[in-house]
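Start from the sequences, fold in the hints, and give me the full structure.
Next come the chains, spelled out residue by residue.
2 protein chains.
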Amino acid sequence: MLILISNDDGIQAPGIDALRAALEELGDVYVVAPDRPRSASGLGITIHKPLRAENIQFPGSKAKGYAVNGTPSDCVKLGIQALLPCKPDIVVAGINQGPNLGTDVLYSGTVSAALEGVINDVPSIAVSLASWESSDFDYAAEFTRRLVGVVTGHGMPEETLLNVNVPVLKNGSKPSRVAVTRLGKRRYENTFEKRRDPRGKEYYWMGGEVMDIMAEPGTDIASVRNGEISVTPLFFDVTDNNFMNMVREWNLDKIL
Amino acid sequence: MLILISNDDGIQAPGIDALRAALEELGDVYVVAPDRPRSASGLGITIHKPLRAENIQFPGSKAKGYAVNGTPSDCVKLGIQALLPCKPDIVVAGINQGPNLGTDVLYSGTVSAALEGVINDVPSIAVSLASWESSDFDYAAEFTRRLVGVVTGHGMPEETLLNVNVPVLKNGSKPSRVAVTRLGKRRYENTFEKRRDPRGKEYYWMGGEVMDIMAEPGTDIASVRNGEISVTPLFFDVTDNNFMNMVREWNLDKIL
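As they're listed, the protein sequences go chains L and R. All residue numbers for the first sequence refer to this note's numbering, where the first residue is 1 and numbers rise by one. All residue numbers for the second sequence refer to this note's numbering, where the first residue is 1001 and numbers rise by one.
Rather than coming from a laboratory, the hints here were simulated on the basis of the structure. Please note: incorrect hints may appear among the correct ones.
Straight-line alpha carbon distances no greater than 27 Å define the calculated BS3-like cross-link-like pairs of lysine-lysine that follow [as the list claims (entries may be wrong)]: (1) R:LYS1049 / R:LYS1064; (2) L:LYS194 / R:LYS1049; (3) R:LYS1254 / L:LYS170; (4) R:LYS1185 / L:LYS49; (5) L:LYS87 / R:LYS1049; (6) R:LYS1064 / L:LYS49; (7) R:LYS1201 / L:LYS49; (8) R:LYS1064 / L:LYS201; (9) L:LYS64 / R:LYS1064; (10) L:LYS64 / R:LYS1201; (11) R:LYS1185 / R:LYS1170; (12) R:LYS1254 / L:LYS174; (13) R:LYS1049 / L:LYS49; (14) L:LYS201 / R:LYS1087; (15) R:LYS1064 / L:LYS194; (16) R:LYS1194 / L:LYS87; (17) R:LYS1170 / L:LYS254; (18) L:LYS87 / R:LYS1201.
Here is the structure:
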């Protein structure tokens, strides 16, 4: 099995290292990841400047590594189309430090790395540790290894990916359950903080208090809160078929 | 009516100027756009550095302008949450130079600007001129003005946006029809071109020949090819309900 790993926290992040170590037991691993943190990069790609891929060694490992001066999406594209010997069997993105829940998935570099895999017709999984503090990625990495086994056994429908969030429980115990969830809605109170620089010019810092406005049972947000591992199947053909019928009734030919 | 305009080609682009001029007839216009081209930025946002919003004047216009050192998504967030006097009635992104069709919409800064409007509960439209050469944005801008009238009259469902592509016809004639379409699939043959710099180090340019692999009747791609204006309703709750049922049958609790 040929496995491509990427992330958005950068190739030096502990989460990607735990993932690499776990997945090496399954096959040949390539790690192609940003040379520095690229959180919240969405599906941005780099078209106006060239990309460089620097060789990285992992002590005591046969995995091949490349640090790329681009976004997570650049890394997966470059990996599949230029660096790997052939198309990988699976793309695994993560393990992200911090949750990727609800509306987050649209901004997330981790989910975008997996989406880039899907766009290139490779089954893909995004994995996040739902904690900003814990550095214990081992259980999440082991779970991911077993999940990769299941996914490659069953196969996945085209144009889909799995978004996985693993909670960290206070007493160090294992999650009780795997919940197959839908996306909740997670909004941020983006109170931009206005400041003045030493020359008197204004600037803004993006704040971002989380307001979980839709955490009903069945959502990824509720599931992680309950200490469960959340697995959300995502599909990126974003055409809205219901709304199409409404717009047809507007008779837009009239305004040509 | 309070209108927020943004784009990804930058505040100096001719497409955004044509749009501003057309929409000023409908109400108060704010233009909050990147200070330089930010194509293919996806829904990236800027959280690790501060944002600046420089005041811009438009000759002979009462519209207010801000050039922001961020992504299209940053611009719309900052506009709605810090620069505008209150929530706008509509966000209009564009007019993009070049089409945004099929899979493009996931990478597009123009569509992401509209999506950011939707995330902030504002009805939003993304508009692109389906030509890389033509600088005649006037008809597309007029059509958009009329479309804004229709949209604000009818309202739009939550979490949806309209993605509009206006073709440029060879003989200068008007499009024959407005087609309400679904997304086609548009893939790029990303032949990364490997080069060596003067110091012998390798680097890669992302190429990108378009391969329209799904341009069946009813898709946005087919419609623009036929000289029609394509209007595609998009919905960004990307949960895949069908795949959810499949994953439930995998009994993932077994691999906890």
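Structure-based check of each hint:
Pair hint LYS1049 of chain R plus LYS1064 of chain R holds up; C-alpha atoms about 25 Å apart against a cutoff of 27 Å. Our distance criterion of 27 Å between C-alpha atoms is met by LYS194 of chain L and LYS1049 of chain R, whose separation comes to about 13 Å. A hinted pair counts as satisfied when its Cα atoms are at most 27 Å apart, and LYS1254 of chain R with LYS170 of chain L qualifies at roughly 22 Å. Only pairs whose Cα atoms come within 27 Å are accepted, and LYS1185 of chain R paired with LYS49 of chain L is accepted, the gap being roughly 26 Å.
The straight-line distance between the Cα atoms of LYS87 of chain L and LYS1049 of chain R is roughly 36 Å, outside the 27 Å bound, and the hint therefore fails. For a cut-off of 27 Å, the pair hint linking LYS1064 of chain R to LYS49 of chain L is broken: about 32 Å separates their Cα positions. Of the pairs offered as hints, the one joining LYS1201 of chain R and LYS49 of chain L holds, with about 15 Å between alpha carbons and a cut-off of 27 Å not exceeded. Taking the CA atoms of LYS1064 of chain R and LYS201 of chain L, the gap is about 19 Å. The hint holds against a cut of 27 Å.
Pair hint LYS64 of chain L plus LYS1064 of chain R does not hold up; C-alpha atoms about 52 Å apart against a cutoff of 27 Å. Between LYS64 of chain L and LYS1201 of chain R the alpha-carbon distance is near 19 Å, which keeps this suggested pair within the 27 Å criterion. For the hint pairing LYS1185 of chain R with LYS1170 of chain R, the CA-to-CA distance comes to about 25 Å; that is within 27 Å, so the pair holds. At roughly 13 Å between alpha-carbon atoms, LYS1254 of chain R and LYS174 of chain L fall within 27 Å of each other, so this suggested pair holds.
Distance restraint check for LYS1049 of chain R and LYS49 of chain L: the Cα-Cα separation of roughly 21 Å lies within the 27 Å cut-off, and the hinted pair is therefore satisfied. Taking the CA atoms of LYS201 of chain L and LYS1087 of chain R, the gap is about 25 Å. The hint holds against a cut of 27 Å. Distance restraint check for LYS1064 of chain R and LYS194 of chain L: the Cα-Cα separation of roughly 19 Å lies within the 27 Å cut-off, and the hinted pair is therefore satisfied. Restraint check: the Cα-Cα separation between LYS1194 of chain R and LYS87 of chain L comes to about 18 Å, which is no more than 27 Å; the hinted pair holds.
This hinted pair checks out: LYS1170 of chain R and LYS254 of chain L have alpha carbons roughly 22 Å apart, not beyond 27 Å. Between the alpha carbons of LYS87 of chain L and LYS1201 of chain R the distance comes to roughly 25 Å, so the proposed pair stays at or under 27 Å and holds.
In terms of the numbered hints stated before, the structure departs from hints 5, 6 and 9, listed from lowest to highest.
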